[in-house]
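Trainee: Dock chain B against the given chain A, drawing on the hints supplied.
Residue numbers (the numbering used here), protein chains in the order written: chain A, 1 to 314; chain B, 1 to 314.
Read the hints as simulated data drawn from the structure, not as lab findings.
Possibly wrong hints are sitting among the right ones.
Copies of the same chain look alike in the list, so a pair counts if it fits in one copy or across any two.
With a straight-line Cα cutoff of 20 Å, these simulated DMTMM-like cross-link-like pairs (lysine to aspartate or glutamate) come out [said to hold, decoys possible]: (1) Lys191 - Asp72; (2) Lys191 - Asp226; (3) Lys191 - Glu121; (4) Lys191 - Asp157; (5) Lys191 - Glu262.
None of the values given here were measured: they were computed from a predicted structure.
There are 2 protein chains.
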Amino acid sequence: MNTGSGAPVSIVEVAPRDGLQNEHHIVPTDVKIAWINALSRTGLRRIEVTSFVRSDRVPQLADAEIVLAEIDRIPNVAYGVLVPNLQGLERALVHRPDAIALFIAVSETFNQRNIGASIEESFARFTPVIADARQAGLPIRGYLSTVIGCPYEGVIDPGKVAEMAERFMMLGVDEVSLGDTIGVGTPAQVKRLLDQVSQRVPVTRIAVHFHDTYGQALANVQTALDQGVCIIDSSVHGLGGCPFAPGASGNVATEEVVYLLEGQGCRTGVDLPALLRAGGLVGRILGRPPVSRLARVPLESIWLNPGKIWNHRR
Amino acid sequence: MNTGSGAPVSIVEVAPRDGLQNEHHIVPTDVKIAWINALSRTGLRRIEVTSFVRSDRVPQLADAEIVLAEIDRIPNVAYGVLVPNLQGLERALVHRPDAIALFIAVSETFNQRNIGASIEESFARFTPVIADARQAGLPIRGYLSTVIGCPYEGVIDPGKVAEMAERFMMLGVDEVSLGDTIGVGTPAQVKRLLDQVSQRVPVTRIAVHFHDTYGQALANVQTALDQGVCIIDSSVHGLGGCPFAPGASGNVATEEVVYLLEGQGCRTGVDLPALLRAGGLVGRILGRPPVSRLARVPLESIWLNPGKIWNHRR
Chain A
1 MNTGSGAPVS IVEVAPRDGL QNEHHIVPTD VKIAWINALS RTGLRRIEVT
51 SFVRSDRVPQ LADAEIVLAE IDRIPNVAYG VLVPNLQGLE RALVHRPDAI
101 ALFIAVSETF NQRNIGASIE ESFARFTPVI ADARQAGLPI RGYLSTVIGC
151 PYEGVIDPGK VAEMAERFMM LGVDEVSLGD TIGVGTPAQV KRLLDQVSQR
201 VPVTRIAVHF HDTYGQALAN VQTALDQGVC IIDSSVHGLG GCPFAPGASG
251 NVATEEVVYL LEGQGCRTGV DLPALLRAGG LVGRILGRPP VSRLARVPLE
301 SIWLNPGKIW NHRR
Chain B
1 MNTGSGAPVS IVEVAPRDGL QNEHHIVPTD VKIAWINALS RTGLRRIEVT
51 SFVRSDRVPQ LADAEIVLAE IDRIPNVAYG VLVPNLQGLE RALVHRPDAI
101 ALFIAVSETF NQRNIGASIE ESFARFTPVI ADARQAGLPI RGYLSTVIGC
151 PYEGVIDPGK VAEMAERFMM LGVDEVSLGD TIGVGTPAQV KRLLDQVSQR
201 VPVTRIAVHF HDTYGQALAN VQTALDQGVC IIDSSVHGLG GCPFAPGASG
251 NVATEEVVYL LEGQGCRTGV DLPALLRAGG LVGRILGRPP VSRLARVPLE
301 SIWLNPGKIW NHRR
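Just chain A, with the same shape it has in the complex:
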């Protein structure tokens, strides 16, 4: 897929991992597998399917091994997993993921409370993981969370984000995903952040991961695209939430990102109605309607600009 300027743009679908991680209801394994299989057939090329953290910490993803083992592996789709440490990587490797991801918070306090380690300890843990993953030939993503605001520390210094992103790259990850974990960023902060990070990390190695808690996520995505970012994390139907603002919304919605990209001539390769149907597969289980605006449009009246009408009838 290409932007108007010609640079290819990738979408990384994170609903099965980041979305479900922040949902209260546990999706049964068979439903989850059927759902991921449906997502695999929408044109999406990168899907993060689970996380190998301790199941007592994230019970929603306790079925990580089974999911990775039993989902369909569609050609040209990369199935990634999150791992917290070497033990998680070893569990994952048994079932041959296509990519792995590590995570750390820019906020020291958030890292301590969320991961139970200091930033230094976290980086130290990554070294053997990265070594083993590289030996296995796996692409490695480094997630940075709380890149704009932290519920404990408040506003985060973009310079610190840039330093940590560079450090992650020097350790050996292939891309860094910058996460506005509590969704407080606006275009102004995103621009300032990317100005700083792109001085230390090539913009082609930067992904953005925006939460939509304050409704800013899609505007932030556009800002990132304008800055040359071409990897966008999103969650079908906007699944997920925010543990720090109960009831709040989750990640930016994949369908809204697809719509935005198609509108600027970026051919995503994603079939929007198929994506929406896939998103709907878990809606009943999660016990609430989707937060995404686009998902509320009746399928029979969906249309796609400019000039392409998917299935528009009057």
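Mentor: Then chain B, alone, in the frame of chain A:
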């Protein structure tokens, strides 16, 4: 309020008119008045409170006279009303609105179906209305609807929008509000549209009125701001809907626009918690939770970037 560049930005709150017009439930008059009175005390400076169309057409606003007569008139707040014709203006003038607005669709078919007149007939009707409104010393806004897409005609030519905007100005309106009525526009279309319209109408006379049907509205708002537009129409809690996509969302949410603007140093003067509380006054009547993401954040954990924490506790 000023953008980072210093240009003042106005928000026009349209929930009591455009929002309610597209909601199924009828809000009782006394609740509506209390709600508008609350909105008047949030720092908003322009509120569109009702419409003097025929009550059989828009029963939600059948109480137009009473509302305009009985709401509090807070100093420095301008209370505007929509009028379809001379008769509507005369009804409105009895109760001294601060501003009036006329409306027309760029799509001939939409104008016929929605208003029951051709574009030429509509413009002809405006002449005496504008004359009388000017004589009464009232600022006049001209709404253009279906500026990007039409459910009947499909994609709309931005050149036609520019011509009609210019014609409206030549007839004597003081500003034109460009409405993406079915919410299909993305930043790419908004940019192209504003490039054209701003060649015919000074950008300071252009307002944008984005519906959030496809989740693009706030990204579109940012694009408009980047193009120099400084009048943004919005609806508290994202109230409203889309008659062409039942169940779909409404206007861009005022609170999310405020948040976006504050994030870029634009001092809106709006008290965000007060705005959210005002929005909540009609929630129960409308029988559904707000579509706005920001409105889902528990009030006690709302924060405002950058660095200003309204009421943030951990």
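Trainee: Decide, hint by hint, whether the structure agrees.
Mentor: Going through the hints against the structure:
In this assembly of identical chains, lysine 191 and aspartate 72 lie within 20 Å of each other by CA distance neither inside one copy nor across copies; the values are 38 Å within and 41 Å between. With identical chains, the CA atoms of lysine 191 and aspartate 226 are at most 20 Å apart both within one copy (9 Å) and between copies (13 Å). For a Cα distance limit of 20 Å, the shortest separation of lysine 191 from glutamate 121 qualifies neither inside one copy, at 30 Å, nor across copies, at 47 Å. For the homomeric pair lysine 191 and aspartate 157, the shortest alpha-carbon distance inside one copy (13 Å) is at most 20 Å, but the shortest distance between copies (32 Å) is not.
In this assembly of identical chains, the alpha carbons of lysine 191 and glutamate 262 lie at most 20 Å apart only when taken from different copies (15 Å versus 22 Å within one copy).
Violated hints, listed in ascending order, are 1 and 3; each of the other numbered hints is respected by the structure.
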